Structure formats: structure tokens, C-alpha cells
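Visitor: Letter by letter, the chains look like this.
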Amino acid sequence: MLRTLNFSESKTFECGGRKFALAESISFARFMELQKLILEFGFSSNFQDMYKNLLILYDNLNSLKFADSAVLVHNMMYGIIKLDDKEDSALKIASLFINEEGEDVTVYDDAKTKDKINCWGRELDVTPFYSLAVSLVPAWTTAFKHVSQKSSQEPAKGS
Amino acid sequence: MIEEADGYWNEYIYNICEGDIKNMREMKKMDVFEFFDYVQNKMKRKKKNG
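Those protein sequences? They're chains A and B, same order as listed.
In this text, residue positions in the first sequence follow my numbering: the first is 1, and each later residue adds one.
In this text, residue positions in the second sequence follow my numbering: the first is 1, and each later residue adds one.
Because the hints were derived from the structure by calculation, they are not lab data.
Any given hint might turn out to be false.
[Claimed, not checked] Derived lysine-lysine pairs resembling DSSO-like cross-links, with alpha carbons at most 27 Å apart:
| hint | chain 1 | residue 1 | chain 2 | residue 2 |
| --- | --- | --- | --- | --- |
| 1 | A | Lys19 | B | Lys29 |
| 2 | B | Lys28 | A | Lys114 |
| 3 | B | Lys29 | A | Lys36 |
| 4 | B | Lys46 | B | Lys28 |
| 5 | B | Lys42 | A | Lys11 |
| 6 | B | Lys42 | B | Lys28 |
| 7 | B | Lys28 | A | Lys11 |
Note that this is a predicted model, so its numbers are computed, not measured.
Make the full structure from the sequences, and use the hints.
Guide: Take a look at the structure:
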């Protein structure tokens, strides 16, 4: 029987004799990884999402927004490939914020991510991790838009 | 797009650190909010100093 965690009640948990804690923020190295995972997670979507994207694509093409259309089609193609991996993306997003005791939180380590996910998979229900990712993605997407706008207003080049 | 994300940020950090690899590694280890505060302060200083 799998245990079900509640991250709103406790930010720490044990699994396989190992201690884990949910962090509120992440290092920049992990933020870089998060951006890629958000794309995977966001675009590995269901058919309803695909229909919505097709409507946007239709409007873009009617407005001759070819670059926007190309980006959208690219993401939809990627999303279809990744359709089976949605759960995997969610767990990876959660793993960026959930650290094992003694883990180096300043870096992103793919092997460590897989190790943590394997550990959780043996004892824990996946649903809270999925819910955590669902709650993290909109907040961090907004944060990313905010910082991207700032960085585009103040270009780094030559600083 | 996904593949481009790393390239974008690596170039961004490269420019901020003026190619100093050690500094680039340290910047990536910063908390993300600390990182953007650092970048903003550096830009403000740059503007102030002309």
C-alpha cells in the first residue's frame, strides 16, 4: 500500500529511510532546468489542450503571425512526443524543489533526480507530487515572464 | 525552443560575468531571486558609472 503525502501539512517526509524536504526556492541552475521541464509539462498536453492550441494557431495564421505559429507547432509536436512522459515531467519538477538531506541544492543532477524519483516510486503515491508540480508551474511561469521582461529591458551584453 | 533555453541563459551569464568561468559557475549556484537581484544591481552600477 502506497503512502500519500500532504505537502500543505508538512514540508518534510521520509522515504526508504531517507529524509526529504520541500524548498520554497531553487538555485539558478535548477531554474534553468525548470524552464525546460515547464515546456515539457505544459505542452505534453491532452487533446483539449491540443484543440485550444490549434485555435490559437488558426488565429495566428489568419493574422500572418508565422513566427508565433511556428513556435506553437514546434511545441505541440514536442508535446505529442512527450504525451507519455507527462507524469515523468511532473515528478522531475517536484524533484527540483524536494531535496534529500545533505543534497547539493545549488546544482541540478540528473542522476540524483532519477534516484529520488525511484525512491519515492517504491513507497509513495504519485498524486501529491503531480499536484505539487501543477501548483508550482503557474507560479514559476509568471516569475519567469517577469524576469524575462526585466532582462530584455536591460540587456546583459557589455555589462 | 527547449534546446535554446540553456544557450540563452549561458550566453546571458557569460555576458554578465564577462567570460569569467569561475564567476559563471558561482552565479548558477545562487538562489534564483538572489541571481536576478545580483544582475539588476550590477546593471544599475554599470549605468551609474556610465
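Visitor: Tell me the numbers of any earlier hints that the structure contravenes, in ascending order.
Guide: 5
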